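Engineer: Okay, here's what each chain looks like letter by letter:
There are 2 protein chains.
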Amino acid sequence: MNGKNKKILLIVKKIFTKHKLNSNHARISANAIINAELVGAHSHGLSRLKMYCDRIKKKVINPNPKIKIKKISQSISQIDANNSIGFVAADIGIKQAIKNAKKTGIGLVGIKNSGHYGLSGYYAEQAVKKNLIVFCFTNAPPAIAPHGAKKSLFGTNPICFGTPTSSKIPFILDTSVSVINRGKIRVAAKNGKKLPKGVALDKFGKPTTDAKKALTGVQLPIASFRGSGLAWMVDILSGVFTGGNHGGKVKDPFDDFSGPQNIGHLFFVMKPNLFVGNYNERIKQNIKRIKRLPKTKGVKEILYPGQNKQRRYKKNLNKKINITANISEDLKKLNA
Amino acid sequence: MNGKNKKILLIVKKIFTKHKLNSNHARISANAIINAELVGAHSHGLSRLKMYCDRIKKKVINPNPKIKIKKISQSISQIDANNSIGFVAADIGIKQAIKNAKKTGIGLVGIKNSGHYGLSGYYAEQAVKKNLIVFCFTNAPPAIAPHGAKKSLFGTNPICFGTPTSSKIPFILDTSVSVINRGKIRVAAKNGKKLPKGVALDKFGKPTTDAKKALTGVQLPIASFRGSGLAWMVDILSGVFTGGNHGGKVKDPFDDFSGPQNIGHLFFVMKPNLFVGNYNERIKQNIKRIKRLPKTKGVKEILYPGQNKQRRYKKNLNKKINITANISEDLKKLNA
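So the sequence lines, in the order shown, correspond to chains A and B. Counted from 1, the first sequence has number 277 at position 277 by our numbering; the numbering is strictly sequential. Counted from 1, the second sequence has number 66 at position 66 by our numbering; the numbering is strictly sequential.
Don't read these hints as lab results, they were simulated from the structure. These figures come from a predicted structure and were not determined experimentally. Treat the hints loosely; a few may be bogus.
It does not matter which identical chain is used: a pair holds within one copy or between any two.
With a cut-off of at most 30 Å between alpha-carbon atoms, the simulated BS3-like pairs for lysine-lysine come out as follows [stated by the list, open to error]:
#1 LYS7 to LYS57
#2 LYS291 to LYS213
#3 LYS151 to LYS70
#4 LYS297 to LYS68
#5 LYS7 to LYS288
#6 LYS71 to LYS50
#7 LYS95 to LYS197
#8 LYS103 to LYS59
#9 LYS190 to LYS300
#10 LYS151 to LYS295
#11 LYS193 to LYS251
#12 LYS333 to LYS130
#13 LYS213 to LYS288
#14 LYS70 to LYS213
#15 LYS284 to LYS184
#16 LYS315 to LYS50
#17 LYS57 to LYS291
#18 LYS300 to LYS6
#19 LYS20 to LYS168
#20 LYS291 to LYS271
#21 LYS66 to LYS300
#22 LYS66 to LYS151
#23 LYS95 to LYS295
#24 LYS333 to LYS7
#25 LYS129 to LYS71
#26 LYS71 to LYS130
#27 LYS184 to LYS50
#28 LYS95 to LYS151
#29 LYS271 to LYS68
#30 LYS184 to LYS271
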């Protein structure tokens, strides 16, 4: 990271410390936010900083949580995050899942009483860098209407899967089950930009390309009943199963300060060589076969999930993070 | 099941016995095929019987396999199915995963050297009926083009997830990651019916609604790069990870008799009460909240995945299975 971005990182850390996070938690949270900027996920980066601080001030994020880790078995752990900032709960959770998997081959960690943790791929990457296969599930505030309903209930509920590739660039699939993610709609609304067709309905159930109307309306799941089923699955795994909120009860972090979010996360981690001795060789072969397929017109290279993000990251690492006027104002006020 | 369907079941069992499957393997396979008919998945039912028998005759399914179960840990098992008929490998696999989960909370079973096992949901249901949460992954012969490619490589690679619901009807999401499943295209081709738009490309990479052209062309994944990523994930989990074929190497069971399929399956099973004491109460609440949402025009009830199938099953249970002319001929020839 270049000096300018390091400076921004330190400012964010300082802001979190001012908001009563301890130095370690502030570091974890600042790193996650700056990483989102560097991978180009601006909707999960600095634009959320004010929201996190507001939630701390209004006591719906606990800056000084007593996080409990309960051992269920050598492989399975449960974490009660005591309404910590989501970044910290997820950081502890993925590290525990990695530890369990290194010991027994598989690690399963359920987290409750957490909050929005940013990008699933950020945690998946931690496991993959330790040469592990990983699933991360989390739910989120209502954004998608279940198939047949005209009201949002599911979050954009990402499915995130990661695996080592034998190269330095991990395979990280981190896909929301909405046609486009809510963060992008939020950014479009802020910048007054139109949405593509087929992405959202307004609050009356009518198709819309107006980002602001989409935010108060309904996002559409990918592939109708299939995407709706996948969103439901993620709600069950991360909410019903872990002890987190579920079934539309996760509060919107931007709009609803009436209590903590109590989001649930589920991390599942496996050693790649459980069944084969040469996983790295096999995955290398797999990727090679797919990359050498004949391409459709205009496509230069078939990319695996995560490759594009890694390229953006590398490119952005030595550029200064773009600080918009809104964010600049946020930083000044929060740092005052 | 009524007497007429029981008679068909016995004929199918007898056909498998004639093809050198032992009585137990013939029973398992016949049950799976008849179940597919009863849930209305005709593309996975009797229309495949001849294919299975052909593969046995041509020695690419082993009627007398030495199936090895290797214990990796209390939770993890590996199965080498020795090119058994897929139904048998999957039946042994799910039972082992259930056993492991009952003992330790989680069961992970990787299966290699297997073949097409029919419907994932059929095995998921076995776990759910034992009050367990379950994932089933399997790969399949090339049908879907990776995002950016104009040649098929991924199978329709279903994602299957099941959970108890506290009612008699389990939640079983069993969704291929192609817009429509290959079996349906096969049936449309047999019956000379057109496909909807946006489902497939012909072998030259041009959109087509001709089912026969689609079979030699390319199926499209749901949600473009998202669906392509999910298909890739399933190929990695069920092929690369387990020791099965992957990266487009699974042979088409109908067209390619040059060797066994060596499909891989991965089953992952969990106790629902690992993190909460009242899972059944929680999932009941979850479903209730979703079902009472306001519905879009024309929708009478919001259904969870698996409900529709269960209704078809109940309705079909006392009707005679529809034996088409083609299938009637197959049955006669195979039973001769």
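Engineer: With reference to the structure, classify each hint as holding or not holding.
Structural biologist: Results of checking the hints against the structure:
For the identical chains of this complex, LYS7 and LYS57 are intra-copy neighbours only, at 24 Å inside a copy versus 71 Å across copies, given an alpha-carbon limit of 30 Å. Taking the shortest alpha-carbon separations for LYS291 and LYS213, only the inter-copy value of 25 Å comes in at or below 30 Å, while the best intra-copy value is 40 Å. Taking CA atoms no more than 30 Å apart as the test, LYS151 paired with LYS70 passes in neither setting, with 37 Å inside one copy and 49 Å between copies. Proximity of LYS297 to LYS68 under the C-alpha cut-off of 30 Å is found in neither arrangement, the shortest distances being 53 Å within a copy and 47 Å between copies.
In this assembly of identical chains, the alpha carbons of LYS7 and LYS288 never lie at most 30 Å apart, being 40 Å within a copy and 50 Å across copies at closest. For the homomeric pair LYS71 and LYS50, neither the shortest alpha-carbon distance inside one copy (35 Å) nor that between copies (51 Å) is at most 30 Å. Taking identical chains as interchangeable, the C-alpha atoms of LYS95 and LYS197 are never at most 30 Å apart, the minima being 41 Å within one chain and 46 Å between chains. Taking the closest pair of Cα atoms, LYS103 and LYS59 never come within 30 Å of each other, the shortest separation being 38 Å inside a single copy and 42 Å across copies.
In the homo-oligomer, the alpha carbons of LYS190 and LYS300 never lie at most 30 Å apart, since the shortest distance is 33 Å inside one protomer and 37 Å across protomers. Taking the shortest Cα distances, LYS151 and LYS295 sit within 30 Å of each other only across copies (8 Å), while inside one copy they are farther apart (40 Å). For a Cα distance limit of 30 Å, the shortest separation of LYS193 from LYS251 inside one copy, 26 Å, qualifies, whereas the shortest one across copies, 47 Å, does not. Proximity of LYS333 to LYS130 under the C-alpha cut-off of 30 Å is found in neither arrangement, the shortest distances being 39 Å within a copy and 56 Å between copies.
In the homo-oligomer, the alpha carbons of LYS213 and LYS288 lie at most 30 Å apart only across protomers (28 Å), although the nearest pairing inside one protomer, at 44 Å, exceeds that limit. For a Cα distance limit of 30 Å, the shortest separation of LYS70 from LYS213 qualifies neither inside one copy, at 43 Å, nor across copies, at 56 Å. In this assembly of identical chains, the alpha carbons of LYS284 and LYS184 never lie at most 30 Å apart, being 33 Å within a copy and 33 Å across copies at closest. Taking the shortest alpha-carbon separations for LYS315 and LYS50, only the intra-copy value of 26 Å comes in at or below 30 Å, while the best inter-copy value is 56 Å.
When the C-alpha separation of LYS57 and LYS291 is checked against a cutoff of 30 Å, the pair qualifies neither within a copy, at 49 Å, nor between copies, at 36 Å. For a Cα distance limit of 30 Å, the shortest separation of LYS300 from LYS6 qualifies neither inside one copy, at 34 Å, nor across copies, at 56 Å. When the C-alpha separation of LYS20 and LYS168 is checked against a cutoff of 30 Å, the pair qualifies neither within a copy, at 37 Å, nor between copies, at 50 Å. In this assembly of identical chains, LYS291 and LYS271 lie within 30 Å of each other by CA distance solely inside one copy; the values are 25 Å within and 39 Å between copies.
When the C-alpha separation of LYS66 and LYS300 is checked against a cutoff of 30 Å, the pair qualifies neither within a copy, at 51 Å, nor between copies, at 46 Å. Proximity of LYS66 to LYS151 under the C-alpha cut-off of 30 Å is found in neither arrangement, the shortest distances being 36 Å within a copy and 53 Å between copies. For a Cα distance limit of 30 Å, the shortest separation of LYS95 from LYS295 qualifies neither inside one copy, at 39 Å, nor across copies, at 42 Å. With identical chains, the CA atoms of LYS333 and LYS7 are at most 30 Å apart within one copy only, with a shortest distance of 17 Å there and 78 Å across copies.
In the homo-oligomer, the alpha carbons of LYS129 and LYS71 lie at most 30 Å apart both inside one protomer (24 Å) and across protomers (27 Å), since each shortest distance falls under that limit. Taking the closest pair of Cα atoms, LYS71 and LYS130 come within 30 Å of each other both inside a single copy (22 Å) and across two copies (25 Å). With identical chains, the CA atoms of LYS184 and LYS50 are at most 30 Å apart within one copy only, with a shortest distance of 18 Å there and 50 Å across copies. With identical chains, the CA atoms of LYS95 and LYS151 are never at most 30 Å apart, being 37 Å at best within one copy and 40 Å at best between copies.
For the homomeric pair LYS271 and LYS68, the shortest alpha-carbon distances inside one copy (26 Å) and between copies (21 Å) are both at most 30 Å. In the homo-oligomer, the alpha carbons of LYS184 and LYS271 never lie at most 30 Å apart, since the shortest distance is 34 Å inside one protomer and 37 Å across protomers.
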